[in-house]
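> Construct all of the structure, not just a fragment, from the sequences and the given hints.
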Amino acid sequence: MYVGTLSFDLLLGDVHSLKEKRSLVRPIVAELQRKYAVSVAETGSQNLHRRAEIGLAMVSGDTGHLSDVLDRCERLVAGRPEVELLSVRRRLHSDED
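Numbering (our numbering), first residue to last: 1 to 97.
Certain hints may be false.
[Unchecked claim] No more than 16 Å apart at the CA atoms, straight line, and that leaves these computed lysine to aspartate or glutamate pairs for EDC-like: (1) LYS35 <-> ASP68; (2) LYS19 <-> GLU42; (3) LYS35 <-> ASP71; (4) LYS35 <-> GLU74.
[As the list claims (entries may be wrong)] Between beta-carbon pairs, the in silico distance windows are: (5) ARG22 <-> GLY61: 28 to 36 Å; (6) GLN33 <-> LEU85: 15 to 23 Å; (7) LEU18 <-> THR63: 36 to 44 Å.
No lab work stands behind these hints, which were simulated from the structure alone.
Everything numeric in this text was worked out from a predicted model, so none of it was measured.
By construction, the Cβ of each residue, glycine as well, lies at the ideal position given by its N, Cα and C atoms.
Below, the structure written as structure tokens:
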């Protein structure tokens, strides 16, 4: 069994309130869940209106499949024009760790 995680640090564009922030972050979270069946949530910077941290996790029996899905998730977030992807932290864990 393998667990893969991604942590995205995002800079949001022309956002002036937490309500506007939620209107940008929620669709990204929902699309990742819908398209790739991963667990995903906003995990940090909740009180900052121009920054967001999104955490994502997936479990798989095959590292190749796991890496492929994580790559697709990263491309999806990086391709969103309303956010700037500042950094991505990727971790892979096995049940022997």
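> What hint numbers does the structure not satisfy?
Of the numbered hints given earlier, the structure breaks none, since each of them holds.
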